[in-house]
Every structure is written in C-alpha cells, then in structure tokens.
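Heads up: the sequence lines are chains X and C, in that order. Mapping of the first sequence onto the working numbering: position 158 corresponds to residue 158, and the numbering continues sequentially without gaps. Mapping of the second sequence onto the working numbering: position 268 corresponds to residue 549, and the numbering continues sequentially without gaps.
FYI, nobody ran anything at the bench for these hints, they're computed from the structure. We treat Cβ as the ideally placed atom computed from N, Cα and C, and that holds for glycine.
One side only, chain X facing chain C, incomplete, derived with CB under 7 angstroms:
| no. | residue |
| --- | --- |
| 1 | A104 |
| 2 | R115 |
| 3 | P118 |
| 4 | W119 |
| 5 | V128 |
| 6 | G129 |
| 7 | G131 |
| 8 | R132 |
| 9 | W159 |
| 10 | A161 |
Spelled out from the first residue to the last, the chains are:
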Amino acid sequence: MQEALRFHLSDADPLGRAEIIEQARFARRGARTASRGLSLTIRDLRKSFGDNEVLRGIDLHISAGQFVAIVGRSGCGKSTLLRLIAGLDTATAGSIDFGEEARAEDIRVMFQEPRLLPWARVLSNVEVGLGRERASADAQARAESALVEVGLGEKRGQWPAVLSGGQRQRVALARALVSRPRVLAFDEPLGALDALTRISMQRLLERVWHDQGFTAILVTHDVSEAVALADRVLVIEDGVIAHDIDVDIPRPRRRGSAQLAALEGSILKNLLQGTEDASDL
Amino acid sequence: MSLIDSLPRVGAPKLPRFDGLIPWIVPLAIILVWQLACATGFVSARVLPAPSDVALAGWKLLLSGELVRNIWVSFWRASIGFLIGGSIGFTLGLANGLSQLSSKLTDTTLQMVRNIPHLALIPLVILWFGIDESAKLFLVALGVFFPIYLNTLHGIRTVDPQLIEMGRIYGMTDGELFRRVIFPGALPSIFVGLRFALGIMWLTLIVAETIAASSGLGYMAMQAREFMLIDVVVLSILIYALLGKLADSASRALERLTLSWHPAFQKH
Ligand SMILES: Nc1ncnc2c1ncn2[C@@H]1O[C@H](COP(=O)(O)OP(=O)(O)O)[C@@H](O)[C@H]1O
Ligand SMILES: [Mg+2]
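Work out the full structure: start from the sequences and follow the hints.
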C-alpha cells in the first residue's frame, strides 16, 4: 500500500513539470519554420502475396512534416504499407512519390523490436544509423548528440543487453534519427512497452518530431496513441483507406482530455462498423 | 520510507578466497584416496600404481627428455591437424552459409560423408599413408572438420533475419553486413563447434598414435604397455586429460574475450 502511494506521489511532480516545459517549448516554436520533411504521394498502390491481395488501391497524399497515424485491425496491411513506403518491399502496382529525389538516409523505419546489434555498444549501434556517412570524421559526435537527444547520453558505453525495453527502443530511435531523416516510419514502435514507458516514449516521439520536422508515419493498434500524437488518422479496411480523420486539437495535447476521448470513441466506432464480433479487434 | 526499503538487504554470501579452490577439492580427494588405497595394499601396484609412483615415473621421463619430446610431437600433430581440418571446415561452413550455390553443390555430399565415423577409416589411411605423419594429420583434420563445418554453417543460417534486414536498411555493404552482423551473430555457434572439435582432436590423436606411430604420447603408452610399465601408461593417460583440459580452458578464455557482449558472459 505504502509502496504504491509513494510511487504516485513521486511521479506526479516530474510529469507535471514536464508538461509545463513542453507547453513552453511549443509556444516558443509556435510557427514552425519551413519543414525539412518530404511530402508523400501514393497512387493506386496495390500489394498481393500470392492470391492474397492485401492492399487494394491506396490513394494518399501526406504533406511535408505532417504526423500521420495509421490504424486498422490486425492483418489489414498496415505493416505492408509501411514497408512499401520505406522501400523494403516492392509494390505489385501503383506508385509512391516523395516530391523530390530522396536519398536512402532520408527515409528511416523503426520497428516494434529495437533490432540493436547485441555485440555492439550503444554508441556504435547508433552510428549504424549514419548509413554511408558512417566513416565520416564527425560520425561519433553525431551519434553522441542523437543519444543525448533521446536522453541516453550516459549509456553510450553499455551493451544493449543491460538496457530496459524502453531504453533499447530509445537507442533504436536515436539510430533512426542520427542521419536526420526526412521521413520516419514507425511500425508499432511502442507495442511491447509497459503503459508508463509508453507515455514517456510518446512524449519523446512528439518532441523529436516537433524539433526536427520530419514527416512521421506511425502505425499503431492503439487508437488513443494515434489521436494523442497525430495530425491525421487513417483507418485501413479491406485494403483501402476507409476513413481519413483530421485531428484538430492543438498541441500540446492533454492525455485523457474529453476532446481526445471523444475523437478516440468515434474512430473506434468506425473501426468496429461492419464487424459482428467487436472483441476481434 | 517504504516497507521494502526498510528490509535488510539480502546478498548472496561470497567467499572469494575459497571460490577458486572449490573445483579442486574433488580431484585432490580422489588422488588422496587413490594414494591411500595403494599404500595400504588395497589396490595392487600391478593393477594401478600409486600417484606417487606415477609422479616419479613422470619425473624420470622428464629428466631423460623423452616426456617433453613425446608431448611436443603429439601437440604438434594435434595443432597442425586441427588447423588444416578447422580452416577447411570453417571456410566451407562460411561459403555454404552465405552462398546458395555453394551449399547446393557441396552440402548434401558433406552430410553423407559425415555419417562415416572417421576412425573407421584407419585401416584405409594406414594403407594410403603408412604410419607416416600425414596419416595422423589426415585423421585429426577429418575429425575436426565436421564439428567446425556444421556449427559454422548453423551459426550463419540462424543469424536473426531481422538484424540482417536492419543492416540492409541502414545501407551496409555485403562486407560490412558480414563483419558487423552475420559473423558476430554466428560466433557463439562457431565456439560450440570449436569446443567439440578440440575434444575430437585429442580422441583421434590418441587412437591414431596407439595404433600407428613411432613417437608421441600414444606411442609412449603402447611401448610402456609392452614392457609392463603400468605407471607410464597411467602417466600418459593423465597427460592426455591435462592437455584436453588445457585446450578447453583456452577456448573458453577466447570465448569470454570475444563474447563479452553476451548476457551469459557478463560479470556483475
Ligand atoms: N511476406 C509475406 N508473405 C505472405 N503474406 C504476407 C507477408 N507479409 C504480410 N503478409 C500478409 O499480409 C497481410 C497483412 O499483413 P500486415 O501488413 O503485417 O498486417 P498488419 O496490419 O497487422 O501490420 C496478412 O494477412 C499477412 O498474412
Ligand atoms: Mg504489423
């Protein structure tokens, strides 16, 4: 009993303070300077695995620097779409256009598993993210500043095995960020984390997105996460984008506010429409 | 102050000064009992000489230079045979793990040859090479080849495909991918092969030297048997055991050095 009580009290204060700091940060940067992100235009994108047609004509425009969340039932093709965007698979038909010529380093992906090299120290794991610029003179300095950005500066010399799940995922984020990507695609990056770690990771994602201005595409099965973070929520159903919902709630958003809850409820209703068994979701 | 904080810390009791000695208690006890059994006449010296007699025999052979020469010859055979068989096995394991073509070409054949116990080839090898050095080297190399080959291949094939995909996403070239992802990932399995191979190396050498040799530890043991020098026979066996243990310790040390990232090797 005592233990639980102490935990809540000690935790409430830093959370509250973080919120104030965040508010100040957003106010300061109110009008964001021209975004570094790439815009994305997808036309009639299709993908089949054998007879299984997973994506049946996705049409989508994402403007530069936008934060887009993609939700849908498990197996609806969210990961497939993300892998196509990241260039990890080739589409059966259709096109994906980034507006301008994108280098490999401009588009980065983060998965549910951190995929760190267990035999490399944290810092060299981050250096992996530099891609072809790994050999450059400032590689180490860049990796270090990416680590500091995710709050893990002091863990640079550790083996991944000694980090917690949330810390590993932050190292993976630093690795994705270190090449200053212009599109960052997330495939349920927080899916394996516990509730508290999730919330602080969501804050971190929102902060780095705000600071760096990349275009963010977040696949998640958690609708509350989607409405908390995204400018826009896409619902995929039967291989097409069934709903495209703007989230017009000013940032920073308060977790658990009535506005977010209402939006979350209506998206969940959309998701459940046309399905007999709601527990299937 | 919570309840948990106020509880006394329970740490595992540590006896650092005795930790290193514990593994030696049982062998020392065995030697003591052995010595006692011989001294009291419970075991006849014609069946098993006392440890002190074995040590004495060792001392005499050491002085005559015979012991060092035979150990050196056996050690040389073991190392050269191991190097030859190990490097061929390692190379083929890498090739077949990395290249579909190479694997299709040779893997089935190798898997068939694997089922022949290499010691069954001794008569044939003697016919081919006589009791020449090359006969022993050939047998050791053949014995060492398979554990190294199989475990290298297995290690490379079971590297986490998600890590390989990650490497590709981050633009690693084939060489970098091998150096930074595939090889380190396969290393634990390669070490398993190495330890197996070291065991087989000594086994093969003992058999080969007892059957067909004119020098080496196995030869020394066979000569001693002819002259009923049972203390020298026991001495040879003990030296084999010691050399085997030495090789194992060396490979473990190497493993600790290169796998320090592995949770199983992390010191706390
Ligand atoms: N490499 C593949 N080969 C065959 N089928 C696949 C492959 N990848 C995905 N699929 C199929 O595509 C569908 C969508 O998968 P996925 O995009 O992973 O769904 P999710 O929305 O849960 O991320 C599933 O039915 C899955 O079985
Ligand atoms: Mg998925």
